[in-house]
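Asks: Let chain S serve as the given structure and place chain A on it in line with the hints.
Chains as they are written, first to last, in this note's numbering: chain S, 804 to 996; chain A, 804 to 996.
Honestly, the hints are just simulated from the structure, not real lab data. Values in this document were obtained by computation on a predicted structure and should not be read as measured data. Careful: at least some of the hints might be erroneous.
No distinction is drawn between identical chains; accordingly, a pair holds when it is met within one copy or between any pair of copies.
Listed next, the in silico BS3-like pairs over lysine-lysine satisfying Cα-Cα at most 25 Å (straight line) [unchecked claim]:
| hint | residue 1 | residue 2 |
| --- | --- | --- |
| 1 | K988 | K861 |
| 2 | K859 | K944 |
| 3 | K809 | K830 |
| 4 | K807 | K869 |
| 5 | K988 | K805 |
| 6 | K994 | K952 |
| 7 | K988 | K937 |
| 8 | K848 | K830 |
| 9 | K830 | K869 |
| 10 | K807 | K916 |
| 11 | K806 | K916 |
| 12 | K995 | K809 |
| 13 | K869 | K848 |
| 14 | K805 | K994 |
| 15 | K944 | K916 |
| 16 | K916 | K809 |
| 17 | K995 | K944 |
| 18 | K848 | K835 |
| 19 | K806 | K861 |
| 20 | K805 | K848 |
| 21 | K835 | K880 |
| 22 | K952 | K995 |
| 23 | K818 | K848 |
| 24 | K848 | K859 |
| 25 | K859 | K818 |
| 26 | K848 | K874 |
| 27 | K848 | K880 |
| 28 | K859 | K806 |
| 29 | K957 | K835 |
| 30 | K995 | K807 |
Protein chains: 2
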Amino acid sequence: MKKKVKLITDPEVIKLMLEDTRRQILKLLRNKEMTISQLSEILGKTPQTIYHHIEKLKEAGLVEVKRTEMKGNLVEKYYGRTADVFYINLYLGDEELRYLARSRLKTKLDVFKALGYEFDEEELLNIMDRLLEKEHSYTAKISAEIEEKEEALKEFSNEDIIHAIDWLTMAELGRDEEAIELLRKLGEILKKE
Amino acid sequence: MKKKVKLITDPEVIKLMLEDTRRQILKLLRNKEMTISQLSEILGKTPQTIYHHIEKLKEAGLVEVKRTEMKGNLVEKYYGRTADVFYINLYLGDEELRYLARSRLKTKLDVFKALGYEFDEEELLNIMDRLLEKEHSYTAKISAEIEEKEEALKEFSNEDIIHAIDWLTMAELGRDEEAIELLRKLGEILKKE
Numbered sequence: 804m805k806k807k808v809k810l811i812t813d814p815e816v817i818k819l820m821l822e823d824t825r826r827q828i829l830k831l832l833r834n835k836e837m838t839i840s841q842l843s844e845i846l847g848k849t850p851q852t853i854y855h856h857i858e859k860l861k862e863a864g865l866v867e868v869k870r871t872e873m874k875g876n877l878v879e880k881y882y883g884r885t886a887d888v889f890y891i892n893l894y895l896g897d898e899e900l901r902y903l904a905r906s907r908l909k910t911k912l913d914v915f916k917a918l919g920y921e922f923d924e925e926e927l928l929n930i931m932d933r934l935l936e937k938e939h940s941y942t943a944k945i946s947a948e949i950e951e952k953e954e955a956l957k958e959f960s961n962e963d964i965i966h967a968i969d970w971l972t973m974a975e976l977g978r979d980e981e982a983i984e985l986l987r988k989l990g991e992i993l994k995k996e
Numbered sequence: 804m805k806k807k808v809k810l811i812t813d814p815e816v817i818k819l820m821l822e823d824t825r826r827q828i829l830k831l832l833r834n835k836e837m838t839i840s841q842l843s844e845i846l847g848k849t850p851q852t853i854y855h856h857i858e859k860l861k862e863a864g865l866v867e868v869k870r871t872e873m874k875g876n877l878v879e880k881y882y883g884r885t886a887d888v889f890y891i892n893l894y895l896g897d898e899e900l901r902y903l904a905r906s907r908l909k910t911k912l913d914v915f916k917a918l919g920y921e922f923d924e925e926e927l928l929n930i931m932d933r934l935l936e937k938e939h940s941y942t943a944k945i946s947a948e949i950e951e952k953e954e955a956l957k958e959f960s961n962e963d964i965i966h967a968i969d970w971l972t973m974a975e976l977g978r979d980e981e982a983i984e985l986l987r988k989l990g991e992i993l994k995k996e
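So that you can see chain S by itself, here it is in the shape it has in the complex (with noise of 0.2 Å):
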């Protein structure tokens, strides 16, 4: 059966699901269930290298085969995810995560650089990256609590509970003093002069 949302804690997982062509994949199989040579076609890849994406997400139990038919003599699985939605928490993972989500950010600087905007790079980057850990923690808590609760929720649409997800996140910041204190400080530090 197919859950609406999955919490990602495990760290070897959330590397693995970070991957380019297995993001790309999960991305599809969002809309539809497919079959390798389906998704192979899409994403201009041979069929051997979804294959290998493939198997790795099935080990990982992020896909699963959903069903299959038959094609003249060829049975052809069609592939699906485990769930609608996976939450990531960077936060919670090893140090080789803490700096993706560090280096991630640093990105960020760049495109706000490129956008006129000057700041105290470690200033800024410390500010980010301390709202992103509250912001990954009470997400985490809430699609915990979202998970046990699938059955009251199913009548519900995947983006009706993300968006309900994003403000139940918000509400804990919103509790969160030290969190509003962050925000002013990003106010103050990303602006134009």
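Replies: What follows is chain A alone, placed relative to chain S:
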């Protein structure tokens, strides 16, 4: 030439984008340029239906023919999006869109209730509505700024740009005392006893 970010303000275009099949088409074209028959296979709709939707999306300036290929005697058109990311602002729209924005928020309240939260509906709805209005207006301002500076951002991925827009929106909210007050109120109202 494909833009990275496009801000959509025309209420008619927004309404047209919100229809289910057209949303799915726009989603799929995010990953790759596709033909009508590919879209029809993945979405499980007739090519006639897809054609009809593609025409609407073309007229609205959201998709265009990117290239053609000969397949036997047939010319196959590959469609793609005119921008990688479309930002819509429901709050710049007409009465119908304001109504839609509010009714979408009501669905979120139903999710909160299903999760066991209790609150004054009208009060929560007003706070969420005002927060969203602020968020949309800041996002619109920032994405307009980004549309102008496309050239400076061409090395960055769409994901990086989207996240940068999110952060810049957060920074604007952090400078807006009324927004911070709304966030605090959200935290007070949307919680479990």
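Asks: Compare the structure with each hint and give your call.
Replies: Evaluated hints:
For the homomeric pair K988 and K861, neither the shortest alpha-carbon distance inside one copy (43 Å) nor that between copies (43 Å) is at most 25 Å. When the C-alpha separation of K859 and K944 is checked against a cutoff of 25 Å, the pair qualifies neither within a copy, at 27 Å, nor between copies, at 42 Å. Within a single copy, K809 and K830 get their C-alpha atoms as close as 15 Å, and across copies as close as 22 Å, so both meet the 25 Å cut-off. With identical chains, the CA atoms of K807 and K869 are at most 25 Å apart within one copy only, with a shortest distance of 15 Å there and 35 Å across copies.
For a Cα distance limit of 25 Å, the shortest separation of K988 from K805 qualifies neither inside one copy, at 41 Å, nor across copies, at 36 Å. Taking CA atoms no more than 25 Å apart as the test, K994 paired with K952 passes between copies only; the shortest distance there is 17 Å, against 41 Å inside one copy. For the homomeric pair K988 and K937, the shortest alpha-carbon distances inside one copy (15 Å) and between copies (19 Å) are both at most 25 Å. With identical chains, the CA atoms of K848 and K830 are at most 25 Å apart both within one copy (15 Å) and between copies (20 Å).
In this assembly of identical chains, the alpha carbons of K830 and K869 lie at most 25 Å apart whether taken from the same copy (16 Å) or from different copies (22 Å). Only between protomers do K807 and K916 lie at most 25 Å apart by alpha-carbon distance; the minimum there is 18 Å, versus 38 Å within a single protomer. In this assembly of identical chains, K806 and K916 lie within 25 Å of each other by CA distance solely across copies; the values are 20 Å between and 41 Å within a copy. Proximity of K995 to K809 under the C-alpha cut-off of 25 Å is restricted to the inter-copy arrangement: shortest distance 22 Å between copies versus 39 Å within a copy.
When the C-alpha separation of K869 and K848 is checked against a cutoff of 25 Å, the pair qualifies both within a copy, at 22 Å, and between copies, at 21 Å. Taking the shortest Cα distances, K805 and K994 never come within 25 Å of each other, neither inside one copy (44 Å) nor across copies (28 Å). When the C-alpha separation of K944 and K916 is checked against a cutoff of 25 Å, the pair qualifies only between copies, where the shortest distance is 17 Å, while the shortest distance within a copy is 34 Å. In this homomeric assembly, K916 and K809 come within 25 Å of each other (Cα to Cα) only across copies, at 21 Å, whereas the closest approach inside a single copy is 35 Å.
Proximity of K995 to K944 under the C-alpha cut-off of 25 Å is restricted to the inter-copy arrangement: shortest distance 13 Å between copies versus 35 Å within a copy. In this homomeric assembly, K848 and K835 come within 25 Å of each other (Cα to Cα) both inside a single copy, at 19 Å, and across copies, at 13 Å. In this assembly of identical chains, K806 and K861 lie within 25 Å of each other by CA distance solely inside one copy; the values are 15 Å within and 36 Å between copies. With identical chains, the CA atoms of K805 and K848 are at most 25 Å apart between copies only, with a shortest distance of 24 Å across copies and 27 Å within one.
In this assembly of identical chains, K835 and K880 lie within 25 Å of each other by CA distance both inside one copy and across copies; the values are 13 Å within and 23 Å between. For a Cα distance limit of 25 Å, the shortest separation of K952 from K995 across copies, 15 Å, qualifies, whereas the shortest one inside one copy, 44 Å, does not. For a Cα distance limit of 25 Å, the shortest separation of K818 from K848 inside one copy, 21 Å, qualifies, whereas the shortest one across copies, 36 Å, does not. In this assembly of identical chains, the alpha carbons of K848 and K859 lie at most 25 Å apart only when taken from the same copy (16 Å versus 31 Å across copies).
Taking the closest pair of Cα atoms, K859 and K818 come within 25 Å of each other only inside a single copy of the chain (11 Å); across copies the shortest separation is 40 Å, beyond that limit. For a Cα distance limit of 25 Å, the shortest separation of K848 from K874 qualifies both inside one copy, at 22 Å, and across copies, at 20 Å. In the homo-oligomer, the alpha carbons of K848 and K880 lie at most 25 Å apart both inside one protomer (18 Å) and across protomers (21 Å), since each shortest distance falls under that limit. In this assembly of identical chains, the alpha carbons of K859 and K806 lie at most 25 Å apart only when taken from the same copy (20 Å versus 34 Å across copies).
In this assembly of identical chains, K957 and K835 lie within 25 Å of each other by CA distance solely inside one copy; the values are 19 Å within and 31 Å between copies. Proximity of K995 to K807 under the C-alpha cut-off of 25 Å is restricted to the inter-copy arrangement: shortest distance 22 Å between copies versus 41 Å within a copy.
When each numbered hint is compared with the structure, violations occur for hints 1, 2, 5 and 14.
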